[in-house]
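Chains as they are written, first to last, in numbering that gives the first Met the number 0: chain A, 0 to 294; chain B, 0 to 356.
No lab work stands behind these hints, which were simulated from the structure alone.
Treat the numbers as computed from the prediction; the structure is a model and nothing was measured.
Careful, some of the hints might be misleading.
As the list claims (entries may be wrong) - Covered stretches of chain B, going by a simulated chain A footprint (3 or more residues, C-beta under 8 angstroms):
#	stretch
1	24-31
2	119-133
3	264-276
4	300-312
Glycine included, each C-beta is placed from N, C-alpha and C at the ideal position.
What follows is the residue order along each chain.
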Amino acid sequence: MDIAYVSELAVNGALTGLLYSLFALGLVLIYKSSSVPNLAQGALTMLAAYVVLALSRQLGFPLWLAIAVTTIIMFLAGFGVEKVTLRRMAGRPIVMILMMTLGLDIFIRGSTLAVWGGTSRSMELGVSYDPLFLGPLLLSRINLAGACVAIALFVAFLLFFRTRRGIRLRAISDDYVASWSIGISVEHGVALSWGMASVVAVASAVIWGEIQGVDQSLSQLLLKGLTVAVLGGLDSIVGAILAGIVLGVIENVGSSYLDLVVGGGSRDLIVAAVLIFTVMLRPHGLFGRHDIERV
Amino acid sequence: MFYPLAGVRHQSYVSDSKLFPVPTDRNLLIVLTVAAIAAPFLLSSLYLNSYVQPWLIWTALALGLNLATGWAGQLHLGYAATMAVGAYAAVHAARFGIPWEFALLIGGLAASLIGSLFAFAALRVKGLYLAIVTLAMQFVMDWVLNHSPAISGGSHASLQSPRFALLGQEIASGRGLYYVALGWCALVTVFMMNLQRTALGRALVAVREKDYAAAILGVNSFYYKLIAFSMCSFIGGIGGALLVATFFFLAAPEQFSVNVSIQVLAMIIVGGLGSIIGTYFGVALILLMPGIANEIIANLTSFLGLPLGNETLAHIPTTVYGALIIIFLLVEPLGLGKLYANIRDYFLVWPFDQFKK
Numbered sequence: 000m001d002i003a004y005v006s007e008l009a010v011n012g013a014l015t016g017l018l019y020s021l022f023a024l025g026l027v028l029i030y031k032s033s034s035v036p037n038l039a040q041g042a043l044t045m046l047a048a049y050v051v052l053a054l055s056r057q058l059g060f061p062l063w064l065a066i067a068v069t070t071i072i073m074f075l076a077g078f079g080v081e082k083v084t085l086r087r088m089a090g091r092p093i094v095m096i097l098m099m100t101l102g103l104d105i106f107i108r109g110s111t112l113a114v115w116g117g118t119s120r121s122m123e124l125g126v127s128y129d130p131l132f133l134g135p136l137l138l139s140r141i142n143l144a145g146a147c148v149a150i151a152l153f154v155a156f157l158l159f160f161r162t163r164r165g166i167r168l169r170a171i172s173d174d175y176v177a178s179w180s181i182g183i184s185v186e187h188g189v190a191l192s193w194g195m196a197s198v199v200a201v202a203s204a205v206i207w208g209e210i211q212g213v214d215q216s217l218s219q220l221l222l223k224g225l226t227v228a229v230l231g232g233l234d235s236i237v238g239a240i241l242a243g244i245v246l247g248v249i250e251n252v253g254s255s256y257l258d259l260v261v262g263g264g265s266r267d268l269i270v271a272a273v274l275i276f277t278v279m280l281r282p283h284g285l286f287g288r289h290d291i292e293r294v
Numbered sequence: 000m001f002y003p004l005a006g007v008r009h010q011s012y013v014s015d016s017k018l019f020p021v022p023t024d025r026n027l028l029i030v031l032t033v034a035a036i037a038a039p040f041l042l043s044s045l046y047l048n049s050y051v052q053p054w055l056i057w058t059a060l061a062l063g064l065n066l067a068t069g070w071a072g073q074l075h076l077g078y079a080a081t082m083a084v085g086a087y088a089a090v091h092a093a094r095f096g097i098p099w100e101f102a103l104l105i106g107g108l109a110a111s112l113i114g115s116l117f118a119f120a121a122l123r124v125k126g127l128y129l130a131i132v133t134l135a136m137q138f139v140m141d142w143v144l145n146h147s148p149a150i151s152g153g154s155h156a157s158l159q160s161p162r163f164a165l166l167g168q169e170i171a172s173g174r175g176l177y178y179v180a181l182g183w184c185a186l187v188t189v190f191m192m193n194l195q196r197t198a199l200g201r202a203l204v205a206v207r208e209k210d211y212a213a214a215i216l217g218v219n220s221f222y223y224k225l226i227a228f229s230m231c232s233f234i235g236g237i238g239g240a241l242l243v244a245t246f247f248f249l250a251a252p253e254q255f256s257v258n259v260s261i262q263v264l265a266m267i268i269v270g271g272l273g274s275i276i277g278t279y280f281g282v283a284l285i286l287l288m289p290g291i292a293n294e295i296i297a298n299l300t301s302f303l304g305l306p307l308g309n310e311t312l313a314h315i316p317t318t319v320y321g322a323l324i325i326i327f328l329l330v331e332p333l334g335l336g337k338l339y340a341n342i343r344d345y346f347l348v349w350p351f352d353q354f355k356k
């Protein structure tokens, strides 16, 4: 394999990886504020995609308006999910919290499919499928557009964490008992982070829905998103961006070599292997915080 | 009324470590055992082999996971992977001509060997990270099963299980298979009940409560984590093999996907972590719920005259299943086992419940 081919794989992998980071951003936002690993993020993404389609197809909204309205709906939905379910799980053992997010995942997935059905449908964003030639490289337009959206969102969130409200959220993620004692509403902050994660889910739903169609497979992005989040450190936004790019490149380049050996389908294996090695070698990821445990 | 006792008082260590401090519990268990043995003659074969038998097999499986998650406190999201190892090892051994008794043992040992790998993850990390790494191992196992024709026959293939036989006697009748499931489930239950009374069981609980603190007390936490994972995988491996040999009759990779791991975890959460009787209830609820929910919804829609699409009906059990998990975690996080214990505690001192405080 020549260098041009490998660099093409690497660049496309990095673009796809940024889309994984976009998904992982939702996980990171929630973990940062409340230390809850949200395994329902995939189901939230799927729900967002179906709501966008329902608004634009069944109610006849133009697509941009449908996305805007979905953003509001999903923000409220995320807010509500936290208030009704996770709020009351605070302080419980991690197995209960994990199971709650898994239960939410199953519930949201089941009810979305029960309402709208499981047949695959397309998002039809109107981005051309013609490849984009950049010198010798062949790029996918939708991946490039998605990567731009991802970067825009990252910049927006990095700026948000410098505002007054963002600083409060950072305080909560540092130490929520201390934030509580100086009058920061921890409950409100955590609910806000769920709302923001659901808004991120809308962005990744629109882009991933365009790439792989709107159906149940959207909820299976969870493994890749989780891998990116863990590799980046679970509570670091910058970590999520870099880890996404790293994972995308490893996955794309690695699978093109490994597929020849094992006969195809090695992408999932590479992702799972990266996840296992990250947790075993460096559980706090590239940029995560070391946790010190009390005995 | 049912319990002619006014509370349980111990005056010696022997009485404290008795299997049944309350005689009524023992009598209840005897009645249930007799009922279970008589069940094939009382129930129709449809109920026996499509509800009761899978319930018993899954209960044995869930008890195995409860050992690792409920007793030893190790989060395990890759249980279906160890079930798969046991099932495929046993079926291959049986196809090779090894008698089923030994094939089941080979399945159990193979599963506990692979399952111990999960314990090495538990040496490094715990809690959330252990859950994530076991989940990733489950995905690796799914991939291996789907991509190695030597084990599973390929991604959409299934492996026929040979006729089940014990002690040279071929067991093909519904009643015979039911008794096999009953025997295995009873064995696991007795093992788990006795585990609570031993030093091993107490060490596992100490590791669950706080592994550092247990280490300070002289409990080697890694050793007990390893034991917990290998015992849990042994039970899971034999359970998976029995599931294939006596219920599905063929092994396919989809039977051991990540959803199965989550389902078994849901069973023990709904039933109650660390509760044996609760595991029985939890498995019954999660296994039987889809059928019941479908029936209720179908009746309700025909009663109200609201026709629902097939697709909607197909996904309602999933919704109900998720809702059950959420409701149990919110309302009774200790599960059905705790509900049972509450009722039992009430009747234990009835009608003098004012003395309980």
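Open item on the list: Need the list of violated hint numbers for this structure, in ascending order.
Closed with: Hint 1 contradicted; others consistent.
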